[in-house]
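Engineer: In order, the protein sequence lines correspond to chains W and A. Counting from 1, position 160 in the first sequence corresponds to residue 160 in the numbering used here; the numbering is continuous, with no gaps. Counting from 1, position 299 in the second sequence corresponds to residue 299 in the numbering used here; the numbering is continuous, with no gaps.
Because the hints were derived from the structure by calculation, they are not lab data. Cβ coordinates follow ideal geometry from the N, Cα and C atoms, glycine included. It cannot be assumed that every hint is accurate.
What the hints assert, rightly or not - Calculated cross-link-like contacts (lysine-lysine; reagent style BS3-like; alpha-carbon spacing at most 30 Å):
id, chain 1, residue 1, chain 2, residue 2
1, A, K157, A, K295
2, W, K399, A, K157
3, W, K294, W, K231
4, W, K399, A, K17
5, W, K295, W, K17
6, W, K5, A, K17
7, W, K294, W, K168
8, W, K399, W, K5
9, A, K5, A, K157
10, W, K168, W, K399
11, A, K181, W, K17
12, A, K399, W, K399
13, A, K181, A, K17
14, W, K375, A, K231
15, W, K399, A, K5
16, A, K399, A, K375
17, A, K231, A, K295
18, W, K375, W, K295
19, W, K5, A, K231
20, A, K5, A, K231
21, W, K399, W, K375
22, W, K181, W, K294
23, W, K399, A, K295
24, W, K399, A, K375
25, A, K181, W, K399
26, A, K294, A, K181
27, A, K5, A, K17
28, W, K399, W, K17
29, W, K5, A, K295
Said to hold, decoys possible - Per label pair, the in silico range of CB-to-CB distance:
id, chain 1, residue 1, chain 2, residue 2, range
30, W, T6, A, D216, 53 to 61 Å
31, A, R398, W, W283, 36 to 44 Å
32, W, E270, A, Y400, 54 to 62 Å
33, A, A402, W, A197, 43 to 51 Å
Stated by the list, open to error - Here are a few chain W residues that face chain A, going by a calculated C-beta distance under 10 Å:
id, residue
34, H85
35, K375
36, G379
Protein chains: 2
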Amino acid sequence: MTDQKTISTLVIPNTTKIVLLVLDGLGGVPLEQGGLTELETARTPNLDALARDGICGLHDPIGRGITPGSGPSHLALFGYDPVGHLIGRGVLEALGIGFDLQSGDMAARGNFCTVDSDGLITDRRAGRIPTEKGAELVRQLRSIELPDVEVFVEPVKDYRFVLVLRGKGLSGPLTETDPQKLSVAPPPVEALHADAARAASLFNQWVAAARELLADLQPANMVTLRGLDKKPNLPSMSGVYGLRTAAIAAYPMYRGVARLVGMDVLPEGESVEEEIETLATNWADYDFFFLHVKKIDSAGEDGDFDRKVSLIEHADQVLVPAIVGLHPDVLVVTGDHSTPALLRSHSWHPVPVLLHSRHCRSDEARAFSERECAKGALGRLPATEIMPLAMANALRLRKYGA
Amino acid sequence: MTDQKTISTLVIPNTTKIVLLVLDGLGGVPLEQGGLTELETARTPNLDALARDGICGLHDPIGRGITPGSGPSHLALFGYDPVGHLIGRGVLEALGIGFDLQSGDMAARGNFCTVDSDGLITDRRAGRIPTEKGAELVRQLRSIELPDVEVFVEPVKDYRFVLVLRGKGLSGPLTETDPQKLSVAPPPVEALHADAARAASLFNQWVAAARELLADLQPANMVTLRGLDKKPNLPSMSGVYGLRTAAIAAYPMYRGVARLVGMDVLPEGESVEEEIETLATNWADYDFFFLHVKKIDSAGEDGDFDRKVSLIEHADQVLVPAIVGLHPDVLVVTGDHSTPALLRSHSWHPVPVLLHSRHCRSDEARAFSERECAKGALGRLPATEIMPLAMANALRLRKYGA
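Model the full assembly from the supplied sequences, consistent with the hints where possible.
Structural biologist: As structure tokens, then:
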């Protein structure tokens, strides 16, 4: 019932403002059984106050036991069915660097890598070549032409680039060419459907030309392609929810997902402080703000429990009071997934979520933590239900049926 | 898994009795953040005792964040998918006054209104003319004839009436003609699908004739039509659950929904006391009773927190002991939705539910309130799962699979 088509029929105008603060990788796990998680360890008086006055729960980004990628988990937070709308990493990466993907385009994420004289991979990231080196190689790769399609190659960061093919009749699904291990040759792109044969052939022609062009270089003498996919046509958030939406996010991937659902992507900052500044400056012009804080997740990925704790504390001290000071009608604080330092990766653990509004009917949760959120009256909920709840609390949905 | 088709294959006969007591608009919100809801404020020793011995939870009538209308929320409580079975208010209103709607009939809810000499609405309710006046005007409107269809006009209450067209090939969806504001003319009925063109034309012919007929009267010199819809064919509760079902409800709308699912509608009373009398008198003849108490919702709609509290207390003192005294095998007490006095309207907040039976495996909920129900072992559940639970507790469902 929280499907977007139905929700969109219930939307009524209002002047209320909604802020969705995503602390990437927020959820955690204790290092020792019976201990505290990162969030439970962190001193977070401001988040705790919001949790006490608000309503809390634990959300599953995709489903119980499923470890989400960043793309699907953000789509779910924005209220889009993440399974019906699975999006390849190539598309997200292209959108993330601000590439103007058009309908029908196919995008792939590319990695420079190193192969030996037999063509077997010896380094999947080509010694993590610096960004400038990657950009220089990308310029060389732009000389590759393919029949009947336009080809775009764009640098991302370090050893990563984006490849986009534009033309008629391109279609997936396609396999990837990064074998994810050493001492094997990158396999060719394979079409997983008859309609995808032409796209597979074009990508393979491009890889062959790239291999030839890079052959005598070191360490980046080969490429692999991942997440080959077509740009999906998602309904925009403004169309679905009647909201003027804006994203504030420092990392390309998250700006990319935001663009995919039609958000205005505001100029990013280098720091949390600059993100606050952007929020305040643009406060009057939007109804919905998606604020993304990346570094908490990175600390989890690095297995650095203490750094994750202190980054959560920093968000609590700096970001939360600044947002509260703007008096949003609805403030949602959550993560897109858990990233326990113990696991050094995204995980399937459900994610703490708090919703604060004048109308939320607060619950017994006394603090913002995994344990307290488990007692919250939001209960255990799919991430896709957070937007309908935010809309309801913002008094932006009419009654369903008579 | 709670879909009715599957449930119906599991039904086994028994002599157990189920009572579903619906306190309309039961759920609430504190007036001040951190305060108590209406139900938490009310002194409800009898409901609290049931909650302690029973099992509690919070149900979502339609979905998280969705504010339900009375029709969909009751269908959900009866175990019907409320989204798959959305029903127009015209149909509910017609059923509510006991009109014998037949398959293929289209019904609309009509309002008498006042228009000025330019045809612009000056009063959407024609000065709330009394019921007798409305009935007199309805008698005049019965003179209107339409080609190839039968026309029925029935008074409801005050300025409201029901219009039913009966004939072959009538179909929706249709737009309404109440613009919901003043100083505009009622728009014509429009067909939202090619198949609906004939019905739209017939309704418009009828409205034109009504305008002519009422033109010289005051204040009711025009009509508007709302909720134009066809009677849906729902499976009956007796067919699905193998129960002899009866409804006791004072308001037409609720008797209407009950009729739609095939319940016998017992004579209503003016008071809670009379409803109890009806229940006791008919106790032997049915397996399932739906008891509806309307006034709690009305107090919420009026924004009258204290009156809502005292009406809940009255139900606790008078209704609950009388029902318990009949020793139903399963007693479910809940609301169809929340109606917080704070919001003066239906709302999206989940609704407290308690289920009391010999077999329910009671939980930690110590009282019947939003907060205690949030701790209950039923958890957060869709309203459609209440009937399967009631059936199970009544030992009326066999094992699924071998």
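Engineer: Now, for every hint given, state plainly whether the structure supports it.
Structural biologist: So, going through the hints one by one against the coordinates:
1. K157/A / K295/A: Given pair K157/A, K295/A holds - Cα atoms ~17 Å apart, limit 30 Å.
2. K399/W / K157/A: Answer holds: K399/W to K157/A is near 23 Å, not above 30 Å.
3. K294/W / K231/W: holds, 24 Å
4. K399/W / K17/A: This hinted pair is violated, its Cα atoms lying about 33 Å apart.
5. K295/W / K17/W: holds, 26 Å
6. K5/W / K17/A: Roughly 40 Å separates the two Cα atoms, so the pair is violated.
7. K294/W / K168/W: Status violated; Cα separation ~37 Å.
8. K399/W / K5/W: holds, 15 Å
9. K5/A / K157/A: Answer violated: K5/A to K157/A is near 38 Å, above 30 Å.
10. K168/W / K399/W: violated, 44 Å
11. K181/A / K17/W: Cα-Cα ~26 Å, so holds.
12. K399/A / K399/W: violated, 38 Å
13. K181/A / K17/A: Not OK: K181/A and K17/A at ~48 Å, beyond 30 Å, violated.
14. K375/W / K231/A: Outside the cut-off at roughly 43 Å; violated.
15. K399/W / K5/A: holds, 28 Å
16. K399/A / K375/A: Within the cut-off at roughly 28 Å; holds.
17. K231/A / K295/A: Given that 30 Å is the threshold and the Cα spacing comes to 28 Å, the pair holds.
18. K375/W / K295/W: holds, 28 Å
19. K5/W / K231/A: holds, 24 Å
20. K5/A / K231/A: holds, 21 Å
21. K399/W / K375/W: holds, 28 Å
22. K181/W / K294/W: This hinted pair holds, its Cα atoms lying about 27 Å apart.
23. K399/W / K295/A: Holds, because 20 Å separates the two Cα atoms, which is no more than 30 Å.
24. K399/W / K375/A: holds, 27 Å
25. K181/A / K399/W: holds, 18 Å
26. K294/A / K181/A: holds, 27 Å
27. K5/A / K17/A: holds, 22 Å
28. K399/W / K17/W: holds, 20 Å
29. K5/W / K295/A: violated, 34 Å
30. T6/W / D216/A: 53 to 61 Å: violated, 45 Å
31. R398/A / W283/W: 36 to 44 Å: violated, 59 Å
32. E270/W / Y400/A: 54 to 62 Å: Given a distance of about 58 Å, which is inside 54 to 62 Å, the answer is holds.
33. A402/A / A197/W: 43 to 51 Å: holds, 47 Å
34. H85: With a minimum Cβ separation of about 19 Å from chain A (threshold 10 Å), the hint on H85/W is violated.
35. K375: Because about 8 Å separates K375/W from the closest Cβ in chain A, which is inside the 10 Å limit, the hint holds.
36. G379: For G379/W, the interface hint holds, since the closest Cβ of chain A sits about 4 Å away, which is under 10 Å.
Comparing the model with each numbered hint stated earlier shows that hints 4, 6, 7, 9, 10, 12, 13, 14, 29, 30, 31 and 34 do not hold.
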